[in-house]
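Heads up: the sequence shown runs through residues 4 to 170, numbered per the working numbering.
Just to be clear, a hint being listed does not mean it is correct.
[Claimed, not checked] As a list, the in silico SDA-like pairs of lysine to any residue whose alpha-carbon atoms are at most 20 Å apart:
id: 1; residue 1: 119; residue 2: 129
id: 2; residue 1: 5; residue 2: 151
id: 3; residue 1: 12; residue 2: 129
Hints listed in this document are in silico derivations from the structure and should not be mistaken for laboratory results.
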Amino acid sequence: MKHFMALVKKVDTVLYVMAGAILVGMVLLTLCDVILRNFGYPITGSMEIIMYGGALVFGFSIPLASMLKAQVQVDLIVEKLKPRNKKAVTIATRVVGILLFLFVAYNFFLYGFDVKRTGEITSSFKIPYYPIVFALSFSFLFQSLTLIYDLVEVIREKADAMEESAS
4 MKHFMALVKK VDTVLYVMAG AILVGMVLLT LCDVILRNFG YPITGSMEII MYGGALVFGF
64 SIPLASMLKA QVQVDLIVEK LKPRNKKAVT IATRVVGILL FLFVAYNFFL YGFDVKRTGE
124 ITSSFKIPYY PIVFALSFSF LFQSLTLIYD LVEVIREKAD AMEESAS
């Protein structure tokens with residue numbers, strides 16, 4: 004289990020670094036496009052690259068952000084629950100999240116094969132769509148694994164608390 008958790012952390016971090024690198028590239032591309040556009044030489048297809056880069060930045064940053072609990076949580080009702088009920092709600096939401104992201108990853112995977120079969124490409128650079136779709140599928144799969152990792156941590160906390168109360 005430790006190897007699984009280490010692998011999830013490592014892949015989440017690699018995806019996050021890739022998201023950062025893509026974001027830097029998008030910013031530089033936008034800067035160059037704005038400057039060159041003022042001289043009458045816009046970069047052809049820059050919007051296309053920025054759109055696909057934005058999808059990858061979004062998809063690749065989700066798993067580590069989830070692991071670091073960097074998302075916004077509205078827990079007005081959950082805060083009023085007893086600790087045992089809070090754990091039950093946390094476990095239930097993690098299970099629902101795992102199923103949801105597995106569903107999304109699976110459907111992106113199927114869509115990737117469909118896009119590959121039809122040969123869809125971008126309009127300016129003629130780049131095939133399917134690698135982007137498969138990359139997002141991979142990212143959402145690791146989001147599911149990240150939620151499994153989190154679920155294991157929540158269950159371990161619960162087991163540790165039971166052991167302490169029994170002592």
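Hints versus structure:
Taking the CA atoms of residue 119 and residue 129, the gap is near 13 Å; set against the 20 Å cutoff, the hint holds. A threshold of 20 Å between alpha carbons decides the hint, and for residue 5 with residue 151 the separation of about 13 Å falls inside it, so the pair holds. A threshold of 20 Å between alpha carbons decides the hint, and for residue 12 with residue 129 the separation of about 34 Å lies outside it, so the pair is violated.
Violated hint for the displayed structure: number 3, the only one.
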